[in-house]
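My request is simple: use the sequences and hints to build the entire structure.
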Amino acid sequence: MAAAGTCGTGTRSTGSVVAAASTNNVTSFHRRGPRASGADSGCSRLVSIAGTRPSVRNGQLLVSTGLPALDQLLGGGLAVGTVLLIEEDKYNIYSPLLFKYFLAEGIVSGHALLVASAKEDPADILQKLPAPLIDDSYKKECDEDVCSHKTESDVKMKIAWRYQLLPKMEQAGPVSSSRFGHYYDISKRIPQQLIETSKWHGFFLPEKISSTFNVEPCSLTSGYMKLLQFIQNIIYEEGFDGSNPQKKQKNILRIGIQNLGSPLWGDDICCTENCDTSHSLTKFLYILRGLLRTSLSACIITMPTHLIQNKAVIARVTNLSDTVVGLESFIGSEKETNPLYKDYHGLIHIRQIPRLNNLIYDISDVKDLAFKLKKKLFTIEWVQDNYLRQERNIYPPGFSYLLKQKDSAWGEGSLQHSTFLMSFLAKATAFASRLVRHCEPLKQTGSGRIRQAAGPRLWHDGRRQEAPGLLVTPP
Amino acid sequence: MWWVLLSSLRCIHYSPSSHPAPLCVPELGMFPELNNLLNTSPEGAEQGKLTLLCDAKTDGSFLVHHFLSFYLKANCKVCFVALVQSFSHYNIVGQKLGVSLTAARERGQLVVLEGLKSAVDVFFQPQEEPHPLQFLREANAGDLQLLYAFVRDALEPVDGGEAVWRCPVLLVDDLSALLSLGMGPVAVLDFVHYCRATVCREWKGNVVVLVHDSGDAEDEENDVLLNGLSHQSHLILRAEGLATGFCKDVHGQLRILWRRPLQPTAHRDRNLTYQYKIQDKSVSFFAKGMSPAVL
Chain A
1 MAAAGTCGTG TRSTGSVVAA ASTNNVTSFH RRGPRASGAD SGCSRLVSIA GTRPSVRNGQ
61 LLVSTGLPAL DQLLGGGLAV GTVLLIEEDK YNIYSPLLFK YFLAEGIVSG HALLVASAKE
121 DPADILQKLP APLIDDSYKK ECDEDVCSHK TESDVKMKIA WRYQLLPKME QAGPVSSSRF
181 GHYYDISKRI PQQLIETSKW HGFFLPEKIS STFNVEPCSL TSGYMKLLQF IQNIIYEEGF
241 DGSNPQKKQK NILRIGIQNL GSPLWGDDIC CTENCDTSHS LTKFLYILRG LLRTSLSACI
301 ITMPTHLIQN KAVIARVTNL SDTVVGLESF IGSEKETNPL YKDYHGLIHI RQIPRLNNLI
361 YDISDVKDLA FKLKKKLFTI EWVQDNYLRQ ERNIYPPGFS YLLKQKDSAW GEGSLQHSTF
421 LMSFLAKATA FASRLVRHCE PLKQTGSGRI RQAAGPRLWH DGRRQEAPGL LVTPP
Chain B
1 MWWVLLSSLR CIHYSPSSHP APLCVPELGM FPELNNLLNT SPEGAEQGKL TLLCDAKTDG
61 SFLVHHFLSF YLKANCKVCF VALVQSFSHY NIVGQKLGVS LTAARERGQL VVLEGLKSAV
121 DVFFQPQEEP HPLQFLREAN AGDLQLLYAF VRDALEPVDG GEAVWRCPVL LVDDLSALLS
181 LGMGPVAVLD FVHYCRATVC REWKGNVVVL VHDSGDAEDE ENDVLLNGLS HQSHLILRAE
241 GLATGFCKDV HGQLRILWRR PLQPTAHRDR NLTYQYKIQD KSVSFFAKGM SPAVL
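If you read the sequences in order, they're chains A and B. The opening residue of the first sequence carries number 1 in our numbering; numbering runs sequentially from there. The opening residue of the second sequence carries number 1 in our numbering; numbering runs sequentially from there.
Note that these hints are calculated values from the structure, not bench results. Here the structure is a predicted model, which is why all the values come from computation and not from measurement. Please note that the accuracy of each hint is not assured.
[As the list claims (entries may be wrong)] Pairs of lysine-lysine, PhoX-like flavour, derived with a Cα cap of 25 Å:
| hint | chain 1 | residue 1 | chain 2 | residue 2 |
| --- | --- | --- | --- | --- |
| 1 | A | K250 | B | K117 |
| 2 | B | K117 | A | K226 |
| 3 | A | K367 | B | K277 |
| 4 | A | K342 | A | K376 |
| 5 | B | K204 | B | K248 |
| 6 | A | K208 | A | K226 |
| 7 | A | K311 | A | K374 |
| 8 | A | K342 | A | K374 |
| 9 | A | K128 | A | K342 |
| 10 | A | K375 | A | K188 |
| 11 | A | K335 | A | K375 |
| 12 | A | K375 | A | K128 |
| 13 | A | K374 | A | K128 |
| 14 | A | K128 | A | K367 |
| 15 | A | K367 | B | K204 |
| 16 | A | K311 | B | K57 |
| 17 | A | K367 | B | K57 |
| 18 | B | K248 | B | K57 |
See the structure below:
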């Protein structure tokens with residue numbers, strides 16, 4: 001009752017506030033995103049900018065990260081005015097891909113780009129961007145991959161039927177160039193004319209640092225200082241902060257900063273635990289956030305957090321960034337040989353999603369996400385899909401099984417596998433009882449002792465060799 | 001210390017001036033359930049208190065929105081030091097909770113220091129007048145004297161006129177950001193100390209601050225700040241993520257700790273724990289294990 005009362009009067013008061021606020025044009029910048037730019041109060045209607053869309057939840061302006069699967073995980077896309085921090089994987093193989101997708105998406109959508117790097121010339125980075133897939137060519141790519149999995153997904157799941165009800169990861173469809181979110185072919189380079197027609201600014205640290213500058217000493221390292229001034233300059237001159245309202249069509253500035261925090265930027269934070277410039281990086285992120293919140297821009301930063309010695313700094317960096325995504329590749333780790341992950345190249349962790357203009361945020365229910373770099377595409381999938389494929393091999397339908405708790409009867413089954421099955425059985429109790437207890441004794445076809453774990457050879461000659469999963473009966 | 005300490009300040013005596021407040025009125029838009037748990041209402045809000053909000057492994061900003069709308073409804077003069085988000089963010093959430101921050105700012109009830117916007121102004125252009133965030137330009141972390149001066153000027157009760165507002169309130173979101181900007185924990189503790197002396201003791205107002213708890217990240221500076229503040233605050237609200245990880249129906253756990261007992265006769269600090277779920281316009285609280293999704 002109290003809640004209903006609150007809701008009723010809450011909407012009334014909000015309505016009156018909105019009515020009063022619309023005279024101040026608050027509603028216009030409510031839809032535009034988390035910025036308080038006074039210059040925008042002049043226009044009362046949202047001018048739609050190419051390559052953006054308002055969020056379903058609160059009308060905030062979103063841009064695509066270049067990977068539609070990642071957009072879906074982040075609640076529709078990256079909010080304009082925020083920072084996407086990518087924690088690099090150990091050997092920095094996959095994080096440049098996400099960086100390139102972001103920039104390529106900017107070129108295809110017609111946004112302005114600002115690329116900053118201490119390692120590579122921005123012109124070279126732009127040359128290596130992936131080519132966009134448009135309409136028919138993507139469909140051909142998709143079909144090759146899909147038909148191999150087609151039989152499995154179409155067959156109704158008999159044992160793990162509950163998982164069929166869960167939402168699938170977004171299945172790709174053919175796209176046109178005007179849509180939000182495009183697909184890219186990594187094996188091809190972006191066509192030269194697209195780069196030439198796009199507006200981009202490059203910041204290559206070795207070039208900028210050589211010129212002398214007169215700046216009073218401040219606790220930011222000089223590389224960060226120059227980068228901040230460069231960004232602020234571009235934002236001001238090109239009018240992304242609304243300083244030149246009548247100039248031209250509004251556009252988004254996409255900022256990409258590569259390997260921030262690495263020693264190439266002049267920062268010691270990856271080398272020692274207690275360094276003198278320990279506040280340099282966090283101060284940089286704070287000022288950058290201030291710049292982004294007051295302009296129409298979105299930023300992607302890749303950072304080698306696995307190199308940062310001081311964990312406290314990682315926590316502070318996470319707090320100062322809006323969206324944080326971590327990549328963990330399997331190269332060189334023990335997970336490489338885990339059969340659960342055998343089709344994937346690494347895990348992707350969504351560590352933080354911002355709550356902007358809202359008390360709640362869109363967080364996907366799916367937590368175990370893995371990525372795979374195919375020849376042409378970078379895909380993100382739910383690891384459970386692999387569970388199910390394996391489970392179907394070991395437990396062919398049509399038989400009843402006894403589930404042993406200790407000393408698992410299925411050989412070298414991983415901990416994840418057994419807990420998965422246990423959790424599944426705990427939920428579907430009706431089915432579990434059928435699986436756990438026989439109604440009538442079945443004719444035993446094997447010797448009653450496990451000689452081998454189920455594998456492809458079990459069905460090799462069309463006849464079932466032994467019933468897997470039976471208890472070992474000691475002689 | 002920056003300057004001579006106020007010698008009258010020894011320890012803050014909690015003045016049990018207010019009776020236990022009745023249940024809150026349902027029309028109010030901020031979290032009514034939290035008001036119930038804290039046993040307060042905007043009419044009977046206590047004065048002279050330091051409230052510490054802290055969050056561990058989760059986002060405790062909903063508490064900031066609650067207190068902001070609570071004190072605006074309670075007709076207090078609020079000075080809001082918003083360091084981590086833009087003003088429009090708080091405004092839009094405030095509208096969901098039934099307060100308009102722009103209207104409050106226009107009628108003089110609310111003074112906001114927008115940290116992000118001011119930091120950009122201070123950093124790129126040299127300022128003629130001293131600015132509260134001046135320390136961003138300096139290499140060595142100084143102190144927060146200018147920020148304290150800003151707070152003092154904003155909340156100073158106007159002499160000679162009748163009291164328009166109930167009591168002054170300082171709200172800071174959040175203090176851990178000051179550590180990230182190069183301030184030492186002692187400087188931040190000094191700042192809170194001075195604010196408490198002036199706002200709580202002298203002007204009988206309230207101070208509410210938010211600090212992140214870094215948990216196992218071993219942020220020593222943050223721990224010094226958090227422990228120091230926990231020691232001197234009257235009420236601690238601690239939002240924690242669940243130990244078992246993410247859950248769709250229970251977003252976290254809130255621990256409420258009253259450090260200075262309400263009645264002088266009560267010796268022990270009261271400690272309550274609730275679990276909560278954040279919805280679009282409110283937060284619902286329930287006892288541990290009693291989530292409606294589970295029952």
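Violated hints, by number in ascending order, as checked against the structure = 5, 7, 9, 14, 15
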